[in-house]
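Number of protein chains: 8
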Amino acid sequence: MMTKEELLEMLERMRAGEIAPSQVVEKLSNLPYEDIGFAKIDHHRTLRLGLPEVIYSAGKTADQVSEIFFRMAASGADVMATRADEEAFAAVKARLPQAAYHRAARMITLRQRAQEAPLGSLAVLAAGTSDLPVAEEAAIAAECMGAAVLRIYDVGVAGLHRLLAQREAMQQADVVIVCAGMEGALPSVVGGMVAAPVIAVPTSVGYGAAFGGLAALLGMLNSCSPNITVANIDNGFGAAYVAAMILRRIRMRLTA
Amino acid sequence: MMTKEELLEMLERMRAGEIAPSQVVEKLSNLPYEDIGFAKIDHHRTLRLGLPEVIYSAGKTADQVSEIFFRMAASGADVMATRADEEAFAAVKARLPQAAYHRAARMITLRQRAQEAPLGSLAVLAAGTSDLPVAEEAAIAAECMGAAVLRIYDVGVAGLHRLLAQREAMQQADVVIVCAGMEGALPSVVGGMVAAPVIAVPTSVGYGAAFGGLAALLGMLNSCSPNITVANIDNGFGAAYVAAMILRRIRMRLTA
Amino acid sequence: MMTKEELLEMLERMRAGEIAPSQVVEKLSNLPYEDIGFAKIDHHRTLRLGLPEVIYSAGKTADQVSEIFFRMAASGADVMATRADEEAFAAVKARLPQAAYHRAARMITLRQRAQEAPLGSLAVLAAGTSDLPVAEEAAIAAECMGAAVLRIYDVGVAGLHRLLAQREAMQQADVVIVCAGMEGALPSVVGGMVAAPVIAVPTSVGYGAAFGGLAALLGMLNSCSPNITVANIDNGFGAAYVAAMILRRIRMRLTA
Amino acid sequence: MMTKEELLEMLERMRAGEIAPSQVVEKLSNLPYEDIGFAKIDHHRTLRLGLPEVIYSAGKTADQVSEIFFRMAASGADVMATRADEEAFAAVKARLPQAAYHRAARMITLRQRAQEAPLGSLAVLAAGTSDLPVAEEAAIAAECMGAAVLRIYDVGVAGLHRLLAQREAMQQADVVIVCAGMEGALPSVVGGMVAAPVIAVPTSVGYGAAFGGLAALLGMLNSCSPNITVANIDNGFGAAYVAAMILRRIRMRLTA
Amino acid sequence: MMTKEELLEMLERMRAGEIAPSQVVEKLSNLPYEDIGFAKIDHHRTLRLGLPEVIYSAGKTADQVSEIFFRMAASGADVMATRADEEAFAAVKARLPQAAYHRAARMITLRQRAQEAPLGSLAVLAAGTSDLPVAEEAAIAAECMGAAVLRIYDVGVAGLHRLLAQREAMQQADVVIVCAGMEGALPSVVGGMVAAPVIAVPTSVGYGAAFGGLAALLGMLNSCSPNITVANIDNGFGAAYVAAMILRRIRMRLTA
Amino acid sequence: MMTKEELLEMLERMRAGEIAPSQVVEKLSNLPYEDIGFAKIDHHRTLRLGLPEVIYSAGKTADQVSEIFFRMAASGADVMATRADEEAFAAVKARLPQAAYHRAARMITLRQRAQEAPLGSLAVLAAGTSDLPVAEEAAIAAECMGAAVLRIYDVGVAGLHRLLAQREAMQQADVVIVCAGMEGALPSVVGGMVAAPVIAVPTSVGYGAAFGGLAALLGMLNSCSPNITVANIDNGFGAAYVAAMILRRIRMRLTA
Amino acid sequence: MMTKEELLEMLERMRAGEIAPSQVVEKLSNLPYEDIGFAKIDHHRTLRLGLPEVIYSAGKTADQVSEIFFRMAASGADVMATRADEEAFAAVKARLPQAAYHRAARMITLRQRAQEAPLGSLAVLAAGTSDLPVAEEAAIAAECMGAAVLRIYDVGVAGLHRLLAQREAMQQADVVIVCAGMEGALPSVVGGMVAAPVIAVPTSVGYGAAFGGLAALLGMLNSCSPNITVANIDNGFGAAYVAAMILRRIRMRLTA
Amino acid sequence: MMTKEELLEMLERMRAGEIAPSQVVEKLSNLPYEDIGFAKIDHHRTLRLGLPEVIYSAGKTADQVSEIFFRMAASGADVMATRADEEAFAAVKARLPQAAYHRAARMITLRQRAQEAPLGSLAVLAAGTSDLPVAEEAAIAAECMGAAVLRIYDVGVAGLHRLLAQREAMQQADVVIVCAGMEGALPSVVGGMVAAPVIAVPTSVGYGAAFGGLAALLGMLNSCSPNITVANIDNGFGAAYVAAMILRRIRMRLTA
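Heads up: the sequence lines are chains A, B, C, D, E, F, G and H, in that order. For the first sequence, this note's numbering begins at 1 and goes up steadily by one. For the second sequence, this note's numbering begins at 1 and goes up steadily by one. For the third sequence, this note's numbering begins at 1 and goes up steadily by one. For the fourth sequence, this note's numbering begins at 1 and goes up steadily by one. For the fifth sequence, this note's numbering begins at 1 and goes up steadily by one. For the sixth sequence, this note's numbering begins at 1 and goes up steadily by one. For the seventh sequence, this note's numbering begins at 1 and goes up steadily by one. For the eighth sequence, this note's numbering begins at 1 and goes up steadily by one.
Keep in mind the hints are simulated off the structure, nothing from the lab. We treat Cβ as the ideally placed atom computed from N, Cα and C, and that holds for glycine. A hint or two may mislead.
Here are the simulated DSS-like cross-link-like pairs (lysine-lysine), alpha carbons at most 27 Å apart as the crow flies [said to hold, decoys possible]:
| # | chain 1 | residue 1 | chain 2 | residue 2 |
| --- | --- | --- | --- | --- |
| 1 | G | Lys-60 | G | Lys-93 |
| 2 | F | Lys-60 | B | Lys-60 |
| 3 | E | Lys-60 | C | Lys-60 |
| 4 | A | Lys-60 | H | Lys-60 |
| 5 | B | Lys-60 | D | Lys-60 |
| 6 | E | Lys-60 | H | Lys-93 |
FRET-style restraints, in silico, Cβ to Cβ [stated by the list, open to error]:
| # | chain 1 | residue 1 | chain 2 | residue 2 | range |
| --- | --- | --- | --- | --- | --- |
| 7 | H | Gln-64 | F | Ala-117 | 51 to 59 Å |
| 8 | C | Glu-87 | H | Arg-113 | 40 to 48 Å |
| 9 | G | Ala-16 | H | Arg-151 | 43 to 51 Å |
| 10 | E | Ala-148 | C | Asp-85 | 45 to 53 Å |
| 11 | F | Ala-114 | H | Glu-18 | 40 to 48 Å |
| 12 | A | Gln-64 | E | Gln-172 | 29 to 37 Å |
| 13 | B | Gln-64 | F | Asp-85 | 34 to 42 Å |
Work out the full structure, taking the sequences as your base and the hints as a guide.
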């Protein structure tokens, strides 16, 4: 790696006649190009964007989660751990008492940075109560990334009146996340009711021919509502991340 | 095969002492069982039920369709041919001028028997215009089997108000058939709006991850509405057949 | 939300000249439509239909099942819980001593309402003894919803004589439910023997290329008997629900 | 259906004492709710949003496309037809000479409304030249909906330098659409280079184990870049629609 | 059910003039036909064929296996239980001390009938040591059904010389069973070396893209050797059963 | 390659003292082993077994089929071509006028060898008329290989009485081939009615979720009848080949 | 883009005091990094490696193939087009008379560069004659890239002696490519016979459950021979490319 | 089996006139050919190639692993056990104290033979930390087989700069192994950066639509980089084995 300082020093030495221009060219040509070009990228992306650090806890021991969490928190960043059980939380809390646990979302969060005004408005919908873990993962993660979140739960398409009763509320949102398992029909119905981008999250809720979320995934990919894109099965965090990206774009333009 | 007459004759001979009872027992024991038991079944099922004869025309030449159609019509039964093109119809019409062609349904029908009062009420819904061939196959077939059919088309879930506008109409029906491709969400929504059995027919409408109707099929099998069962992909005729069975049961009880 | 009383009051004020008709129109137009239109739907569907409340217990703790069960029972409704183990039953029974457990069906039921005469006749068939949990779920649920149920078990197609011996019995039924795993051939054979709608329930019984019920599911969807529709894998309850819907339709017409 | 005029008239009659308030309440309660509530929704969504009308031409004859196109154009809206061949264009052009054909995108467009300033910036990437039809469908559709589109084509991940050379350009975009077939790896790489939402469009490009776009679809759903959501296989139009939704949200806030 | 005795009695009464022949005909016509026709079939098939009774133990408790085993043994038949663990064997042995356990095959057997001379010759091959449980299930079951079994194990195609060394031995067999997991190539190679029917049994041995035996199953179905048919994944018993059927046919003809 | 003559000559030379025994050992050790061991195998298998030569015509031109057919016929063997159209037959017949075409089976056959007494008895069943091409391929091929074939067609499980009427006939057969598409249930039912090995052939007949024969294939692999093995989809020839193998084994023992 | 010359000039100007070192640093930091780092990569990879240019002709018109071919040939490179039909060849030959067509491989080649000594030895095996197009694509492509190719065709595992006869020949090869469809067993057998890397190419040869090459693909991925890796279905060119890579590595070391 | 000594003795007896040459020919012709031809192969392949013996420990008890390990080590060979847990290691270490455990790789190794100079250079890449078990299995196994291994970990495509920083290092390698789960995009990117054969290993890392490594597997098979072949899911050992084969070929030629 060559820092800006080292580069400057080399150029000064060349100007001083200590090394020839051709030597500098040679040296620069053989440098890993990213030594220069990637200076900005070297700042870790999430830090640069002001987003929290994230740990995917599935398959990690409580100690591992705790250790990574602690290390990330040391930088002053907000930190969140997804798919974390209570044992992992206990291990984190032992070192970082201000960390919080969100049981329904299976998440640990630590807010350290000054909170800005909300980014914009996100509605998170869940078709049934079994979809709540995924929906809450989306909601908590989005809040942690600065979004104002409106939760609209238990509005499956078989009981349409409950969904219709929330129509005006959801039409206010800049982005809508819809979590549904089984046949995954909710995003199509919601997509027809709002004029905002809808991020559909298939959940692994269901049995038999639900095939672990495959039925919902295929349903959402084939939605007859055109304003829908799809995240991976059970990927509430990913949906929240994209929603936050969209909201940031809005604020970026507002403040530009 | 042993007819009732032959059986009677044998018993008379036994009464006359010409053959011994044990001989009769022996003979009856060794008969192919169906000689006795299946007398009722020997009457072809569709004839016995008063249902039309049906020809599945896909993969048959116009001449083959025409030939089978003609033979079936000879018995005086109503006849219908599904998946039939205009060429097949021309071949049928040449021999049976009173046959009718239903272009949207790709069906040929011939009504020969006195029409009874309608069996009961069936609503046939289609999500989009591309689902019409399947929906019309269901509607025409059901009418041919005696149902009064209410068509409710182009009521996909992305434009919910059109569907809601038909709520009262569809709530009158004894049975509801719902045809939908793509994500196949319509049956779930309809299922929540009616208190009748819903027969869902996935169609092969769609592209990409629709996989020829698989997405809609899985969606319907996993419906969160409990009053739904599912027919094979594009099987409008099968749905109509089951609907007619249900309607017949109602009338059977009414007239019992 | 606007209650009938509020609406009446508003109209009275208009008649009194306190507000103009156009103001009323404006107000009504902007109301969430469901405030008015969904009055009937606000009555929970199952209550309105006189059907029992249902709890899907899989993935719920004994305490959760017990709590929901108790709350539902408080309304005076019949209640049933599917996929419930004995621990859940113990928790329910502690609060509702009159609740009953059906081990083979893995169901808890509580009958509180006056029992009406049976809705009509339902035959529930199971191909093998391994299919019994699904068949019993169908049978118990259907009985709980008012059907008279005839159980015909262990009549797999490899031993045809046992099935044929039940032919007349099953031909009496208004609706037939057929549960089968492995190759799922039983509905096709039964479908050819009865003149009633057949609801096929694939079970996850089998191994190897049974793929958790997929083989049976595909077999049933492709049945050569036209009077068959299909429920989700292992979904005995869903089949019973549709059967009950059909039987209700029959009685509804009879008493109309 | 009850119009505003009819409603007004009824209220006037009530004020005149011709009918009682309770009668009005009764009548309103029994109205299909959408007669009142859906007035706003009755305006077709695309018109209301100022978006063009769209025709999916696959499976339609040139005459059908032309007929629908003409009817839609009559309302003064912008119109576009996707998956349209040259024969369809000829049929459209015969009636609407100002219609344009975009060969690479297989689209027909007609711009009739005054063009507003671009909505914001969208980058459309394509991995290979075979992905161009899908990418162009996205680009043309997005332009037709008001976006300023930057095309970055032939930047597959096997030749990374071509992609890296476009880094700064694509980092300007508010939204990024990435079209790729085969292994569908491009969105993951692009996702790591931009701080904007990325809409991944798997294409059916490839052979063998590409399985008509399935490999690319699965790859994109499982992307290790968190800022990615996925559209259906070959669904360039859908991606453009969602991108336009996002851009509209930005402008909506800017002008609010 | 009507026994032969009851039938005889009825006929005697007719001869005595107590009942008319037409009454007998009526009665016989309405009998479930199988009461007469299936007398032979009523003898349980396995008993009739002299084959052992079989219990599939997977999913059954040790007590259930023991109970069924005991009941079957009471008839004097040979009995075998597949997929049985040692606990089940202990339970069986407590009641039937002469029962034997075959650990590698996971089978319990009880031989009670006089052993006939072997039916003929069966070769059972296994590709690897992990395929032994399936191969031993086939071998033990076939022996229990009367076959002389030659075991040829650990002859996977990657070490061809071990297989070639057994060529002459396997060419003596009347039937060959080949068990293989992973790519399932062994039956194709063996098929080319023998002039006997080969029954291929895919096993669930393997990992990753073996997909629980699917790779081996597809490989065997597509074998380039024409003398191969395929059993279900891990179905050693089924293969043995078919092999025994073939061997019985040979002896049947020899002794005819 | 070393012929027997060359080997003999070498040994004679050793005996004559021209070469040393150790040289012979060395030479033999380094020979490709198959030079000695495979002499018997070098006789083409089908010729050695007295089976006809077979050409799989799909994907071959009429000229190619004709050329291969002619070359094979030159050896005096019986020859058959499967999946052959009339054009291919015309090309064959031009050179071999005694060749015969079997339209339903899509096969060309040429019998040149003296016909032996039939090998034994094979029953070929087909569920529906659409399964006939596969069933006829099996029947014609088996006849060509020496079997006496009993055809039992159009005996699908939805019309059980037609199948039951053939029970005694099919119980005579040494081997049974059952061809069925759609749900593929026929082999399970037949398997329960006969005490012979059943070879199930799934056909690609069906539509929608039949998935080109996959539904039938899975159904047959999971049959509850234990005497069933399965051939590839539409592989009538393969089933006939295995059946012939079984029948040959019977005769081999009879004549041993 | 900044060339070495421009960089040198800038540095000279800095040395001359015309611009400050900090300006140079700034300029370099903001350069697209690849302007410097990718100089070597800018030489098209295939040219740099001395490999031919390649055109995948499927889905391209004869004119398009011809045009791209001509353009590539202009650089003096060797050029090859895969999946090319005779019409494409005619179009190419019209402009480049020295181009050659390889019918079995469906390839057009043009050799313009001086031929080096062969890279090393590659054996290309094909299981059946239907696999030849893929095998020839591999062979011709590998020859075009400098390999000495030994073709060993029609050595399917059902006729093992033909394969064994080629054992010594194939053991000489540095790399082995094995093309097989149907069950794809050949690579496993070959893998056990050679001590070289084996590249397995599944072909789409087969029918029914071959599923377009999926059965062969899964078989090869699960091979019990450890020296096997797998290319995409029908991807003869890709296998040749990797083989050439391996051979180049050998020569690279030899000449290093 | 006939040993060289027995063969020599037979030939001496022939020379002595005790047996005739024709008797020798007869005897040799009837020998299992491999008795002679396979002498070289009878040396176990891994021993012959100087490769370590390998035990796949999954599904084996600690005692079984220990027993096999001990037996293999007795021959003086290097031994390695893959997928081995610490319990298995403890059992091995009790008998072979010099055995080593590699926790990340889940491997036990025992080096007994004199270590030769490294075979050549292998780079092993892993996309994420979850892919390390597979990558380490590849790395440790390759080292055990004599390769010099360069580990490049945590270089997923979403953080391209980390990968680019390793470009020159990886370009030195003779072979590259790339392990990646989720979308499996890393091999495509790496393939474009090196001029060496790339062996892609899909891992089962991921969730939802990753389907246990299927998404990564399909992605790698469809890579747009032509220098890639693919191993089975999680098969780090297999990739190392092929890499070692390639490196041996290089050294073989160097020392030839």
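Right, here's what the structure says about each hint:
1. Between Lys-60 (chain G) and Lys-93 (chain G), the direct Cα distance comes to roughly 17 Å. Compliance with the 27 Å bound is thereby established for this hinted pair.
2. Taken as a hint, the Lys-60 (chain F) and Lys-60 (chain B) pair is honoured in the structure, with Cα atoms around 25 Å apart against an allowance of 27 Å.
3. Restraint check for Lys-60 (chain E) and Lys-60 (chain C): satisfied, since their Cα atoms lie roughly 25 Å apart, inside the 27 Å limit.
4. As the CA atoms of Lys-60 (chain A) and Lys-60 (chain H) are separated by approximately 25 Å, the hinted pair is consistent with the 27 Å bound.
5. A threshold of 27 Å between alpha carbons decides the hint, and for Lys-60 (chain B) with Lys-60 (chain D) the separation of about 25 Å falls inside it, so the pair holds.
6. Pair hint Lys-60 (chain E) plus Lys-93 (chain H) does not hold up; C-alpha atoms about 40 Å apart against a cutoff of 27 Å.
7. Remark: the range hint 51 to 59 Å for Gln-64 (chain H) to Ala-117 (chain F) is upheld by a beta-carbon distance near 55 Å.
8. Between Glu-87 (chain C) and Arg-113 (chain H) the beta carbon distance is about 59 Å. The supplied range of 40 to 48 Å is therefore violated.
9. Checking the proposed 43 to 51 Å range against Ala-16 (chain G) and Arg-151 (chain H) shows it holds: the Cβ atoms sit about 47 Å from each other.
10. Remark: the range hint 45 to 53 Å for Ala-148 (chain E) to Asp-85 (chain C) is upheld by a beta-carbon distance near 48 Å.
11. As the Cβ distance of Ala-114 (chain F) to Glu-18 (chain H) is approximately 46 Å, the hint placing it in 40 to 48 Å holds.
12. A C-beta distance of roughly 60 Å is found between Gln-64 (chain A) and Gln-172 (chain E), which places it outside the suggested range of 29 to 37 Å.
13. Separated by about 18 Å at the C-beta atoms, Gln-64 (chain B) and Asp-85 (chain F) break the suggested range of 34 to 42 Å.
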